[in-house]
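**Student:** This is what each chain is made of:
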Amino acid sequence: MQFLTYLINGISLGSVYALIALGYTMVYGIAKMLNFAHGDVIMIGSYVVFFAFGSFGLNPIVSVLLSMVVCTILGITIERVAYRPLRGAPSLAVLITAIGVSYLLQQVAQLLWKSDPKSFKSVVGLQPVSMFGGQLVISGETIVTIAACIVIMIALTLFINHTSTGHAMLAVSEDRGAAQLMGVNVNATISLTFAIGSALAAVAGALLCSSYPTLQPTTGAMPGIKAFVAAVFGGIGSIPGAFIGGILLGVIENLSKAYISTQLSDAIVFMVLIVVLLVKPTGLLGKKINVKV
Amino acid sequence: MSLKTMKKSTRSNLITFGIVIAFYLIVSLMSVMGMMTSSFAGQLVPICAYVVLAVSLNLTVGILGELSLGHAGFMSVGAFAGTLVYTLTFENTPLPVSILLSFLVGGAVAGIFGLLIGIPVLRLQGDYLAIVTLAFGEIIKNFMNALYLGYDSTGVHFSLKDSASMGLAPDGVVLINGAMGITGIKKASTFTMGIILILLTLVVILNLVNSRAGRAITAIRDNEIAAQSVGINITNYKLMAFIVSAVFAGMAGVLYALNFSSLVAKKFDYNTSILILVFVVLGGMGNIRGSVIAAALLTVLPELLRSMKDYRMLIYAIVLIVMMIFNQSPQIVSWRKKITAGFKAKRAAKKEKKEAA
Numbered sequence: 001m002q003f004l005t006y007l008i009n010g011i012s013l014g015s016v017y018a019l020i021a022l023g024y025t026m027v028y029g030i031a032k033m034l035n036f037a038h039g040d041v042i043m044i045g046s047y048v049v050f051f052a053f054g055s056f057g058l059n060p061i062v063s064v065l066l067s068m069v070v071c072t073i074l075g076i077t078i079e080r081v082a083y084r085p086l087r088g089a090p091s092l093a094v095l096i097t098a099i100g101v102s103y104l105l106q107q108v109a110q111l112l113w114k115s116d117p118k119s120f121k122s123v124v125g126l127q128p129v130s131m132f133g134g135q136l137v138i139s140g141e142t143i144v145t146i147a148a149c150i151v152i153m154i155a156l157t158l159f160i161n162h163t164s165t166g167h168a169m170l171a172v173s174e175d176r177g178a179a180q181l182m183g184v185n186v187n188a189t190i191s192l193t194f195a196i197g198s199a200l201a202a203v204a205g206a207l208l209c210s211s212y213p214t215l216q217p218t219t220g221a222m223p224g225i226k227a228f229v230a231a232v233f234g235g236i237g238s239i240p241g242a243f244i245g246g247i248l249l250g251v252i253e254n255l256s257k258a259y260i261s262t263q264l265s266d267a268i269v270f271m272v273l274i275v276v277l278l279v280k281p282t283g284l285l286g287k288k289i290n291v292k293v
Numbered sequence: 294m295s296l297k298t299m300k301k302s303t304r305s306n307l308i309t310f311g312i313v314i315a316f317y318l319i320v321s322l323m324s325v326m327g328m329m330t331s332s333f334a335g336q337l338v339p340i341c342a343y344v345v346l347a348v349s350l351n352l353t354v355g356i357l358g359e360l361s362l363g364h365a366g367f368m369s370v371g372a373f374a375g376t377l378v379y380t381l382t383f384e385n386t387p388l389p390v391s392i393l394l395s396f397l398v399g400g401a402v403a404g405i406f407g408l409l410i411g412i413p414v415l416r417l418q419g420d421y422l423a424i425v426t427l428a429f430g431e432i433i434k435n436f437m438n439a440l441y442l443g444y445d446s447t448g449v450h451f452s453l454k455d456s457a458s459m460g461l462a463p464d465g466v467v468l469i470n471g472a473m474g475i476t477g478i479k480k481a482s483t484f485t486m487g488i489i490l491i492l493l494t495l496v497v498i499l500n501l502v503n504s505r506a507g508r509a510i511t512a513i514r515d516n517e518i519a520a521q522s523v524g525i526n527i528t529n530y531k532l533m534a535f536i537v538s539a540v541f542a543g544m545a546g547v548l549y550a551l552n553f554s555s556l557v558a559k560k561f562d563y564n565t566s567i568l569i570l571v572f573v574v575l576g577g578m579g580n581i582r583g584s585v586i587a588a589a590l591l592t593v594l595p596e597l598l599r600s601m602k603d604y605r606m607l608i609y610a611i612v613l614i615v616m617m618i619f620n621q622s623p624q625i626v627s628w629r630k631k632i633t634a635g636f637k638a639k640r641a642a643k644k645e646k647k648e649a650a
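Going down the list, the protein sequences come from chains F and A.
Heads up: the first sequence runs through residues 1 to 293, numbered per this note's numbering.
Heads up: the second sequence runs through residues 294 to 650, numbered per this note's numbering.
No false leads were mixed into what you were given.
Partial list, computed: chain A residues near chain F (C-beta under 7 Å):
#, residue
1, Pro413
2, Asp420
3, Glu431
4, Met606
5, Ala610
None of these hints come from the bench; they were simulated from the model.
Glycine included, every Cβ here is placed at the ideal spot set by N, Cα and C.
Chain F on its own, in the form it takes in the complex:
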């Protein structure tokens, strides 16, 4: 029964990773860049929820929606100001810029809201569900997180596969030049990708901080990196891959925390990444891309 508790908590954590990983995987698939700042967008989103819901007492759903709006604007701005000028530049330059943006967001948050951890009030009002005569208790946060993740995943898949905007995104990720020749507005599509990724990051941030209620400027960094690991695990560029990768990673992390060592759980997660990249560098569901000369 204890094992089941760990497993369910792992799936819940994994759902958050999956939501964050979606942002990584879409941006990587379409803009071909690793958006290092994605984790810090989560942190900014969480602060927005913290103030809107915790300090001003807004309705939790309104707070999360507000946070989604703020993150969307932030994501589009980052893309416009920092990444777009570097389109066509070597990937090393883009990566260093993304690290710079990530640092910038953390430092701005630190200056605005100080580095002392804030205790985050959960946005989920659901009562915990008790099963098997109280042996298995599932918190409201866990249920909402898993449900939100599944709903978003289905909605996103439908959007990409069944709307013309979604098809444009697929086309840009396949071949940017050809898509442009076919009349797809590449810049708008990339902006939209950043917007969707950042909005999902806001949701992920609110859910993450509801389950793990401490918030500080570095809150987003580690989950961000782990979500990237999840995206690579599932196969970068693949939406179902991000989902599977996220869930697996969350379960691995929680089980190793429970049965191996709390201190080494991060190390184990990162070892998973190294092993995956060595055995199957394209991830579980990724496609192999050959470099043409």
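We have chain F already, so just place chain A on it with the hints.
**Tutor:** Just chain A, lined up with the frame of chain F:
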């Protein structure tokens, strides 16, 4: 051989050495004349360590063209290995021998880790390589944070849980105490040692860069497929650059660690790796002299501008972004070329006028 007839690279290297030696002489003079503030004196060894780190990271990032975000990991491994050797030997061996030994071991262990990490990692490219080196740095940090090591009459004990589970005999000595790290280190690093390490690093790396191997490495950076097609063994040269970089990071770690009385793994985290990357980017990727100057300046400046302390990392972040966009954005690069071309045309026109007159 006069300065003018020298090869361009030799002259440039001599200038770099000159800068380091001049810095040493000026600082020595200052300390003799009693002009040194204690806060600046305390910064001297860290400056040297950061210079070595920046130069060695520049080999990976600037010369080889692969982004490594785990440089602090190599620093950490080297620091712990070297400090262990030092604490075990300094009582019964002459001090210089003990210090030399700890530097050699620190460098060697970091080099071995460089090899172990490099073999799998260098098969990957670009963004993947960056994220794996980051993961490696985090693994090292977590592992060293959880490591307990000690010895007694029955042998060496270690544990990843707590010091009690090592099962040491009552006479046992705890060497590494988990998150507390190594404590009670007798400080040994001096500024002179630091300068010697910088000079050694420069000799090795500058010679490597200007050698056949160095040209192969830059060829890989500029076009991997082309380099491969002319018969350059990509893996070997990448590995060579990576290991040399790791060895010097390890030695810098030893220098850094022996400057303090305690050594904890938390110091060598992701932020440290980024800080070194900032030095490299600001000094100019691929420009060794730039790394030396940037690392020294950026370590001293925050001390001088204490009032700006809160904004330090913020400024670094902005500098990273602006530098990258200014130097690498296709539009801005072509715009800059246009402007310099305009200047050149003007100058040529002037010259022609003069000649005509």
